[in-house]
Amino acid sequence: MPKVTYLQYDGTPHEVEVPAGNSVMEGATANLVPGIDADCGGACACATCHVVVTGEWADKVGQPSDIEDQMLDVVFERKPTSRLSCQIKVDDQLDGLVVQLPEMQG
Amino acid sequence: MTFADIDKLADAFDHASPEQMNDPYPMYEAFRRQCPMGRSSQHGGFNFVARYETVKKLFEDFSTFSSSEGVGIPPHPFEMFPIDLDPPLQAKYRRILNTRFTVEAVAAKGERIESVIDGLIDGFIERGEADLAADLVRPLLPAIVLPLLGVPYEDQPKMSAWIEYLTRGRATDMEGVMKAGQDIGMYLMQRVAQRREMPKEDDVLGLLLESFIDGEPFTDEQIYRTLLIILFGGLDTTSAVMLESLYFLARNPDEKQKLLSGERDWKTAIEEFVRFTSPIQGLRRTAKKETELEGKAIKPGDWIFGLHGSANRDEAIFPEAGRCLLDRSPNPHLAFGAGAHICLGRNLARLEIELMLRAVLTRLGDYQVAGEFAPEYLVGEARGMKSLPVSFTPGKRLAAAA
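First to last, the protein sequences are chains D and Y.
The letter at position 45 of the first sequence is residue 190 when you use our numbering, and the numbering goes up by one with no holes.
The letter at position 381 of the second sequence is residue 442 when you use our numbering, and the numbering goes up by one with no holes.
Since the hints were made in silico from the structure, they are not lab data.
We treat Cβ as the ideally placed atom computed from N, Cα and C, and that holds for glycine.
Just to be clear, a hint being listed does not mean it is correct.
[As the list claims (entries may be wrong)] A few chain Y residues that don't get close to chain D, going by computed Cβ distances all over 12 angstroms:
1) A65
2) S124
3) F139
4) I224
5) Q251
6) R256
7) K319
8) I331
[Unchecked claim] According to the in silico footprint, chain Y covers these stretches of chain D (three or more CB under 8 angstroms from chain Y):
9) 190–202
10) 209–223
Chain Y with its partners taken away, still in its complex shape (with noise of 0.2 angstroms):
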């Protein structure tokens, strides 16, 4: 598609607008043709980047393009560690958390992930049918990510929704989004001051109580930051990825039975769910130093909006890349990031998108969509869908009935 006005187009670019990021797939597709760094007018302003190339380069080359100010549009209130950090300061809080998401630690995860998705569907499957959004894969995460964390589960509903508030009011509702923040804060913080009382416990919290960055302890507040940033990476994403894999195999019968079957490779199909969901859009990075992107001069403080979801549709890179081909390989996307800053919990997510999506296609094989609906999705710099209503043979539940 090509737009005559893409410079319109450009300044009017919005990652919060729920209108232009429902399908924002022909709009990214116009700016990697025609101008592959834009410049959008709209929260204070900032330049965005398109293609796959620049914007692996711009997520990669953190002595340029640094995290230090943030990296959402508009910014979050309240620094997050170690997102809002850059390397060399970044990776010390890396090197800490990444011991708790190798593919070895999050596998030792698996029986109880499982056993969390199944009794969930155990409190649907008798129905015959199901908000796959709301019944399944909105409760589930934060059902494995709280514990992890080693925040209580029972306080999950609060937490649920100032995470939500956070991630998508802060274009609409700046005051609230500050409360939110407080709350979470002031929560986060009488957390682990609790914690520094209490008995070990073998969570990232008590993790974080145990550790040293250059030879200091994590202050409290070094900990609520750090939990915090898990909190938004470990919910709403995965959510996103498990829902679009879940719609698509609805609408594409036979790859069911070649996942079932083993004619699919679970983990390549999974890498292409992910990079053809593309959870996270877009995130901010701020030149330090003059620098240009696409021929175009970069000053120092200029913002630039790297978008991961247009990156993850190059065709340069990605052959049919509009397609959800779950043979595709080499798979090279962005979906995780690049760089100091790849997502923590990629090898989390991975192993939960896979149990749930063998959990429903045992248990609820034959589930189906109805041919009307069309799905409306969550935006911001993450996008998700908001629900997947489904219909299937009722089938027993696992578990004895409470």
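Just chain D, same shape as in the assembly (with noise of 0.2 angstroms):
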């Protein structure tokens, strides 16, 4: 299963196994890691499951769609690599992905 490293503000790492086709956020919230609040469970519309994808992440993880890229301007200290960890889904080709959490969400 692929496994997904969520690192706290403060550099804490959480890492999990998420089913593929489950969400970066799906992954969070059924593993309980702190940081994550998902208030709209997931429906890109609250911004409040914000990420940073680290590094070489990126462009494999991809551009936000117009709708996630307007919530992301809602964001606290929106980044270059700022996304909606609802609208990042989990493959094969994301094991090992690794999202920086922000100081503070909503």
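Starting from two chains that each stand alone, build the complex the way the hints lay out.
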């Protein structure tokens, strides 16, 4: 099963297994990883599951859609590789993905 | 239950009708089975959806189903923010407001909430009887929510009267509703203007006075429209769950014991009370583009009313959906809504309900509801019990008599 590592803002890593087809957000909430609120449940509607994709993973993860791009304007301190984790579907290509959590959500 | 003429039932469906909504659940079941998207001719005509998955989709897909033309039927005559906005603008409001309603932020209010509850119980505990609606639940919510917002508590009676009118009067007296809307608007606008001249205070109004959206400070009107929806959301809906829970526990005294002894997990039980009550029975969206729901065509501009009350009784998701099972888990109910507009105050509501039930079970735990009592409901988008008369062994006040 693909593994995803969530780095807390202070650098603490949480490595969890996320079934292919689930989102990076679902991987966090299912494993009680702190720092992902996901108020809207994955509808790309609340901007409270913000992550910053690290290093070379950015190309593999790809670009946000137009709607996600608009929602990302709402987050605290958007970075060039910021994404909403509910919109990143995990697959074998993303096995080993590392995402950084922001200082705060929403 | 199967209805022979389902189209006729759908055509007449009116969530503002006390006859239909005192017990809407058999009707909802018929809708889910026989016409998961129906068409009512009431209130100018609207579609409604009854199944869980469809209701969830309606509330999640904001780019197809918009809130920007209002969410009530009949429409509220004035806009409220952020409930009448779509993302991303809606999320900018929520980003600011959410900070006041996180689990941690509301937990800090716990002691104050407990003292308000104990004070209200002191008011009737020596009598051995009470109407838990009039004596406890209805006065409790404004005492918590008004100070949280920045509305002086002494203005509670007129505030509650206005809100009640705006919630219930739209189907019957739109002129009166307009008047109540103007009155509450004038009151809140004055309050905002006063507060701009006063020292900073730590409440939602104070927060909004210092907040910006897209670099612009909030105008008085934006603040008033934001306070108004929190008032709507904060009073009526939580009362409904409290009364339904109290009624259920009166009829199921073994569950009182299980909660008190810790055999039942409070958090799990409260989610079930919330699902079972579904205080918001339905809300509207307006289609922005051509689409389909339940295999039927939707045109831009069509109204679709999503029935939370029906979704939460959908057997496809909730086995024995008509029973209140306090250990139900998982419980992915839609009572707080779904998607961008999920209830802002849900963490506060959960805390208020738990603290109220704990206090009642501790202080008047043997309370009973008369055998012949049958609940009657106030109806509309929000549905809640009118009264809950109980009797119990008289107890002692906690505070010295004034």
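If you check each hint against the structure, which ones fail? 2
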